[in-house]
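Colleague: As given, the protein sequences belong to chains A and B, one line each in that order. My numbering applies: residue 880 is where the first sequence begins, and numbers increase by one. My numbering applies: residue 71 is where the second sequence begins, and numbers increase by one.
Heads up, some of the hints might be wrong.
Cross-link-like lysine to any residue pairs, in silico, SDA-like; alpha carbons within 20 Å at most [to be verified]: (1) A/Lys958 <-> B/Glu314; (2) A/Lys948 <-> B/Ala200; (3) B/Lys266 <-> B/Asn75; (4) A/Lys948 <-> B/Pro304; (5) A/Lys1039 <-> B/Ala200; (6) B/Lys202 <-> A/Ser999; (7) B/Lys166 <-> A/Ile1004.
Everything labelled a hint here was simulated from the structure, so no lab data went into it.
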Amino acid sequence: MSEELNYSKADIMVVTMARLLKDAENAFMGVASNLPFFAIWLAKELYNPNLVWLNIPGRVNPSPSYAPKSTVHAQLSHKGTASVTLAEIFDMSARGELDVAFLSGIQIDFQGYFNLSHISDGTRIMVQFPGGAGSALICANSRRVILWRTRHDKRTFNEKCQVVTASGNVYKVVTSDVVFKKDGPTLQLESIHPHTTFEEVVENTGFPISPAPFTPEPTNEELGLLREFDPENVREIEFLG
Amino acid sequence: MGKVNTLEQAGALVNDRDRLAMGGLLLQRIPGAFTRELARQGKRGLKVMKTAANYDFDLLCLAGCVDEIAAGFVSFEAEFGFAPNFRRSVQEGRVKFDENSCYTVIAALRAAAYGVPFMPIANLGESYLASKFKTVNNPYGNGDGDVLTVPAIYPDWAVLHVQKSDEDGNAIIYGPVFEDLIMARAAKKIILTTEKIVPLTEIQEDIDLAAIPGFKVEAVVEIPNGAFPGACQPNYDYSPESVEEYLTIKDNGALAEYLEKNNP
């Protein structure tokens, strides 16, 4: 696209994920989950005020007065409405009561299986990743899992993850460049963000995909709310470093 | 010796090869000062566990104190990136990372807290983590399949940092408790660091919040700012500058200097 866009990759990821929460009963976000933080916040502001926001500090429906860089920060427990600890959120998940959960993978394969654990040469660990946190349980037991990933390249989106940290009820995958939907056993391209092209996405994806329309762009209303809430652009943090 | 100790005395209670459940989560209400004391005392062979960690476990890796980590996640968040010393120690084979789901760390502690040998848990889907655990036949089922289980882990110590304790270790946590209360019940004994030691009467005023029972506490150390460089809400936030400073440490000399400067 030659035309200058008035929003960032973080913006389109946030609003795309927020719109996926229009009919959600509840949504859980974990550690290191900046974009889901903004998506849930925006969804509650604009689309689904009754959405139940669950997080690791364990305060339901917080009202953060600003956007923190850490997603286990005290702002995530600011003015919450009730106390539900992380252990109890896992119990909810085990009971099938988690509707939407946001998870991420360092490697994500064409089936939506993902790796947050490590890369090994068969005998020893060559690259240690952070670990999957709660994702094995949550991916297998939540109703709809939204994966997000701020990097879209062949190292991330590959034919098959060597190590599977978690798998299960993947619903959508929102990347810096596209949205995939899980359709049957595999990920299918659903839309392409307007800053890129199908040819570029093919180039950067390690499994076969078919053409898809552009992702609807963020509205001025969505962008206005985000910019007012987050004047310091914390929502860009996952794209830095 | 009473329960109110110096940091050095409390640190000396921990033996090489002990298993520690360490309270807080990521940079929230962690026992930061006590972690540095373990490093200063040159502990070896420790086994540490919690759901999600960064500074404390990374520092114990850097100082060579730890042999084994059981956790679901060991990393800083986007602001600071991966936990470099944890990564290096695991990749070089000096530390065994027993990767868990955060849920299975909790299950292991719950089993210990409940005094039972294992916890049945919900399924973990197709995950390499599931292969670490054994299944049992559901004795009450109608042939509807096996149940995954997690064996109990009894930490020698729960090491917790709290806002307020009396001198016997009857203590109050304000704000998110994370897994601290489960750890307190699962562990054999508790070591507490506290922002402030207060009279029992002050604990009694808020008795419904006094979830840490003094009868399990071996040592109480008063350390204002004891979660540093982590946060202890509502008293103080984490210090990004200090985390950055920690992350610049590259060798034993710099580590010794850091531990000297940040004591407690």
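Colleague: Hints first: check each against the structure and report whether it holds.
Modeller: Now for the hints, and whether the structure bears them out:
no. : hint                   : result
1   : A/Lys958 <-> B/Glu314  : 30 Å, violated
2   : A/Lys948 <-> B/Ala200  : 32 Å, violated
3   : B/Lys266 <-> B/Asn75   : 13 Å, holds
4   : A/Lys948 <-> B/Pro304  : 17 Å, holds
5   : A/Lys1039 <-> B/Ala200 : 19 Å, holds
6   : B/Lys202 <-> A/Ser999  : 17 Å, holds
7   : B/Lys166 <-> A/Ile1004 : 10 Å, holds
Of the hints listed earlier, those the structure fails to meet are numbers 1, 2, in rising order.
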